[in-house]
Amino acid sequence: MIVVTDTSVILNLCLLGLQDLLPTLFGKVHAPQAVRDEFVSLTNTDPRFTGLRFPDFIEVHHVSNIHPLLQTPRLDRGECEALSLALELRAGRVLMDERAGRSAAANLGIECLGLLGILITAKRRNLIPLLLPYLDQLQFEARFWFSQNLRIQVLQLAGEIP
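Residue numbers (this note's numbering): -7 to 154.
Simulated from the structure, these hints should not be mistaken for laboratory data.
Please note that the accuracy of each hint is not assured.
Simulated restraints, written as ranges between beta carbons of each label pair [said to hold, decoys possible]:
#1 Glu103 <-> Leu142: 15 to 23 Å
#2 Pro60 <-> Pro154: 42 to 50 Å
#3 Thr37 <-> Gln129: 18 to 26 Å
#4 Gln63 <-> Pro121: 41 to 49 Å
Since the structure is predicted, the reported quantities are computational estimates derived from the model, not experimental observations.
Just so it is clear, CB atoms sit at the ideal spot from N, CA and C, and this is done for glycine as well.
Please put together the full structure from these sequences, using the hints given.
Below is the structure:
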């Protein structure tokens, strides 16, 4: 299956030191140049991400055309290019967290998986021992927002709480 990633997923996996989950779970991972550019910009301007490096295993593409349905101010450049690349490559899945991007993907018939879904999958496949410390690190170090209800649901799905 061809997989395309947006910035948030790869940036936060790198912050957690779990970027190698992607090739383990999906094989080859693709990203548009805009995602790489956003990643580098954030590592240079946001202290939370200082020192992180864009993974070498991600194949970076120049996107030739932005799909007309994606030309909206609700989506940033990385989301537009990631979804356009997914269409171009006929990707089976896009890795994306932002609500507007996920909604646009659904409208285009592209399956989405976010960071928390990746972590649940990794836990279920015994690629990480516990999910809870990573959720804490995401909330308090990366300032990745999710509700208390979602936190409980994720931990239940990972089998860490009944």
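Checked hints:
The hint said 15 to 23 Å for the Cβ distance between Glu103 and Leu142, and at roughly 20 Å that hint holds. About 47 Å separates the C-beta atoms of Pro60 and Pro154, a value consistent with the hinted range of 42 to 50 Å. Here the CB-CB span from Thr37 to Gln129 is close to 21 Å, well matched to the stated 18 to 26 Å. A C-beta distance of roughly 44 Å is found between Gln63 and Pro121, which places it inside the suggested range of 41 to 49 Å.
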